[in-house]
Amino acid sequence: MFETLVLMLDATMRVSTPLILAALAGLYSERAGIVDIGLEGKILGSAFAAAAAAAVFGSAWIGLVFGILASVSLAMIHGFACITHRGDHIVSGVAINTIVAGLTVTLSMHWFGMGGQTPALSGDARFLEITFPFADALRDVPVLGLIYSDLLSGHNILVYLAFLMVPVTYWVIYKTRFGLRLRAVGENPHAVDTAGISVAFIRYRALIVCGILCGLAGAYLSTAHNAGFLKDMSAGKGYMALAALIFGKWRPVPVLFACLLFGFLDAVAIRMQGVVIPGIGEVPVQAIEVLPYVLTVLLLAGFIGKAVGPKAIGRPYVKERA
Amino acid sequence: MTNKTMPYAIELRDISKRFGAVQANKDICLQVAAGTIHGIIGENGAGKSTLMSIIYGFYEADSGHIEVDGQRVQIRSSEDAIQAGIGMVHQHFMLVETFTVLENVMLGAEGGALLKQGIDAARIELQRLAEEYSLDIDVDAIVEELPVGLQQRVEILKALYRGARILILDEPTGVLTPQEADHLFRILKALKEQGVTVLLITHKLREIMASTDNVSVMRQGEMVAHRETAHTSKEELAELMVGKKVRLTVNKDEAKPSQVLLSAKHVSQFDSQGVKRLKDVSLELRAGEILGIAGVSGNGQSELLNVLSGITTMDEGEIEFAGETISAKTPKNAAQMRDLKMAHVPEDRHKMGLVTGFEAYEAAVLGYHNSAAYNGKILMNRQAMLDECKTRMAAWDVRPPNPHLKTANFSGGNQQKIVIAREVEQNPDVLLIGQPTRGVDIGAIENIHEQIVKLRDSGKAILLVSVELDEIMALSDRILVMFDGAVVGQLDAKDADERTLGLMMANAFTDPDSEQSNEKGAAV
Amino acid sequence: MSQAKVPAWVNVALIPILNILLAFLVSGLVILAIGENPIEAAGYLIYGAFGYDEGIGYTLYYATNLIFTGLAVSVAFKGGLFNIGGEGQAYIGGLGVGLICLSLDHTMPFYVIAPLAIIGAAVFGAAWGYIPAYLQARRGSHIVITTIMFNFIASSLMVYLIVNWLKEDGRMAPNSRTFEENAWLPYLHELLSPLGIDIGDSPLNLAFIWALLCCVFVWGLVWHTRWGYQLRTLGTNPTAARYAGIDTAKVTIWAMLISGGLAGFVGLNEIMGVNHNLLLNFTAGYGFAGIAVALMGRNSPIGIILAAILFGALYQGGAELAFEIPTITPEIVVVIQGLVILFSGALEHMFKDRIEGFFIRRAVA
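Chains as they are written, first to last, in the UniProt record's numbering: chain A, 1 to 322; chain B, 1 to 524; chain C, 1 to 365.
Just so you know, the hints here were simulated from the structure itself, not pulled from any lab data. Here the structure is a predicted model, which is why all the values come from computation and not from measurement. Note that CB positions come from ideal geometry on N, CA and C, so glycine has one too. There's no promise every hint is true.
Chain B side only, calculated, beta carbon under 7 Å to chain A, not exhaustive [said to hold, decoys possible]:
#1 Glu79
#2 Ile82
#3 Met94
#4 Leu95
#5 Val96
#6 Thr98
#7 Gly108
#8 Glu110
#9 Ala113
#10 Leu114
#11 Leu115
Given these sequences and hints, build the entire structure.
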């Protein structure tokens, strides 16, 4: 039983990693007042770029760089539309998601001729698991051994990076000048502008950070979690990250727990496939799969707590006499 | 003060600014001596805010230049303005409401990449500023929890913290009670004594006379006069502002009020945050009278209009109107109130009274769109709407008389005529009318006032809300004064004078000695 | 302020055309980048879409779906609501159609089934729009997020229902049995051939006519009824709507019901018109494409028909293109679609402000 739990938590960590990275990415963007439903597209774009570059150069790290570049470029398009041209944030996000969905397939066809895939990656072209020192030796220590060896040890570096990004984000958002300005710009851009700070510059920087984190998430999908790019491999993770961001009320630590919860539900869904629970019968996998979305809707409806986002979110900033 | 060797704190030379076809500022020259309080007065739309926005770097002037302390400066952004030692207190505060006072003050002047580096220094500096200018405030308080007067203080602190030597205040008393305003002026005096130069933008003559050393008058985008405050008078300034003798009286006969058409009893209303916005308001409105509601903006007048017109539901009390009793349990919405022959000209025609994207003929039926006159069985009768709109445009002299023109493209006065015509032509029993002449040019004001009196004389009841005391006194037959959501005074228009009303608006009339205690929340 | 001076054709024609040209230009660059000739590609695309009868039929068949989802997005948008859940509403609408067909095709004739299927599509699609609408109107939940969530919920629900309940017995494929022919919407080529008109075999069916009727319906509803007046008031100025005594919650909910119902009609075309069974993922992104169609068509029914035909042509021509030039995938069409959303939606101010400014200055001078 305990072993099963550790295994499920282990799976939770793997599944949660892209969610955490993407949700934190969304946090930077949305706390700065830019709605980002383009997380999905950025993850997908990065997954493709990372896998493609890793396949060509044989290095996961080079892949990562390209993944991040792709994702940041998409974030800059979003910025160009929403910040520079005061476009609708949602429309811009939909546009980016759509473009990426088409472009990744078109380009992979052109470059690799494999119908929307990239070549399978192996060796250095993937991020491999890191085994902690003495992991094997300590496995037999009761309780802690299993946690150390199977749960904490044995993930790739991006998993650890994702978890590390949570305290880092907390620190950036609440303890630095950049964070103060970023939060202010999401609440009242006029206050920031009149304080002599460029609203656009802060928002662009927030989007760059957002792009970098989405880039990590995408690279994780194609060069760490999987061994190559598959058509539409982001499979709604960007939207689920958005749900987690709302569920965590735009705060780093609660967002982490929302991601873990959603990841855990995913792990449970896989475990429960075909399992018959006495008295209830077989729980359909789909019922567990939809839980993150249902929970988010319930939260938004105010049935479980209340989600109040940054005040100026989604509104283009227009300089004017107030 | 006029010492020629000492450079002016700020000097504007031939500043011009055009927005499309509108010349907002034309060849503006202004000299402000250091260490003085300089007033700039003008009507709404005279170009004061544009000018201040240019000084603070929100807009760049098309031509002309600015000198600060005798040095020519380029102000392209707020950052440049701050660098030049200019600070601004905006009409609508530029504060992050969810932040603490400290965070707001630090924003943009954090003192390092990490907040930790600047936070202690900021505390000490704020302490010093607070003592020097008697600007006491709890620096750890969340801004949205502070009363308006204190929020304004945060704005001043923000400017001073950035080392502002020139402080611009744009209509600073619009949201303040007279007591809070008094306190503000004491602060400004203290600032002046410390050598700060203050530019005070307002359209209120009283404030100019009471607090400034010099005053400049703007009219239609131009600077028309400069005066030493000691050597001018309200009357002269008023004349300079509007360009012709102001006629503050309206020709009207004695009112002949008859039966009560509407009576409100103990009406209270809470906002979404649970704050009580209307407190136990009772009033009676009679046929053939104009009841004026005076008060500083934001003291419950808007809420009163909204409740009476059915836009919001009251939480306590009841209203009797047209044989119906309306209460929290038996509410009526705006459409139902219209059916009972209540018309409403809202305070803000852009936000509420019009859909500016609609063509005039469509906007002209807003609220009456379900009326049989404009509808067939299934579809709306466009021709009927157009015909009626044309007729009204002719009758009310709306220019241009084009029912297909987008409402947004009419001038303020003509938009207001469209709204008033719409409401009055429905021949209501009761007309609620808020700020009837806000942003309306002088010619149209007289016209609108005459129409209101005409409606009264035809036996209708009119409830007039205005923040312009002159308008209230000129039009009303009876005046109620609101303060902090409650009716605090009532008087016959014959007995009303500015001083009495002013005291009532400050809720200081019955007991002038307790002024301090009335200063709600102004002291921490 | 001085928009009066901008000629009407600038906003109605010039700017949309510029936007779409820009989208095509960028798409052309993409094609160039993958080493093909964009002019040649455009030739195949246009020939595939309009060059022969079947091609036109396919173009209009795709356009049918896009008219439905485009109208759905625009009705909601007129009320100030961004319905991004057309995908889910179309999916569930198809469920409604499928259930009617599956339960009645053995017993009822076509003329009974067809109206019931129309009602089924509308009711199911509307129901899926209702919950987000209710939550927005009564509890202030942001409709964009809830409709996104409902797309996923719809997707899981359909997998569950089809795999567990509606799948044909003894088959692996996750779809229902094929309906009897009396539950098929007739193809237009079948209807027209007795009249001696030959339009070539294509999936174009009666749903296309229904889509055109829906355009007329939406046009009348939005621009010429009291309800439409209320909807447009709410969409442009919610405060004025409350002032006018408009029950904003009710209008919001009805707007989404109509929007969801319109999206649900995709099921009519796909399930009853073409596939003749209930299957997974038949919505294939039409719900999202509807956003592009509505933006392109500037929320007017005529514009939506034109935009839907344009996109329909891209879908059909894209398939032809992929056939002729195998290195180009049909997904290039998705790229173009995304670029159209980008240029005519997110970047709409880029040209608009400049061009309007040009005309205003010219008028002033």
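Results of checking the hints against the structure:
1. At its closest, the beta carbon of Glu79 (chain B) sits 3 Å from a beta carbon of chain A; the interface hint therefore holds under the 7 Å criterion.
2. About 4 Å separates the beta-carbon of Ile82 (chain B) from the nearest beta-carbon of chain A, less than 7 Å, and the hint is met.
3. Checking Met94 (chain B) against chain A: minimum C-beta separation of about 4 Å stays under 7 Å; hint holds.
4. Hint status for Leu95 (chain B) relative to chain A: holds, with the closest Cβ pair at about 6 Å, below 7 Å.
5. Because the smallest distance between the Cβ of Val96 (chain B) and any Cβ of chain A comes to about 5 Å, under 7 Å, the interface hint for this residue holds.
6. Below 7 Å, beta-carbon pairs count as interface contacts, and Thr98 (chain B) has one with chain A at about 6 Å; its hint therefore holds.
7. Of the supplied interface hints, the one on Gly108 (chain B) holds, with its beta-carbon coming within about 3 Å of a beta-carbon of chain A, less than 7 Å.
8. Because the closest C-beta pair between Glu110 (chain B) and chain A is about 4 Å apart, less than 7 Å, the hint holds.
9. Checking Ala113 (chain B) against chain A: minimum C-beta separation of about 5 Å stays under 7 Å; hint holds.
10. A cut of 7 Å between beta carbons decides the hint on Leu114 (chain B): the least distance to chain A is about 6 Å, and the hint holds.
11. For Leu115 (chain B), the shortest C-beta to C-beta distance to chain A is roughly 6 Å, which falls under 7 Å, so the interface hint holds.
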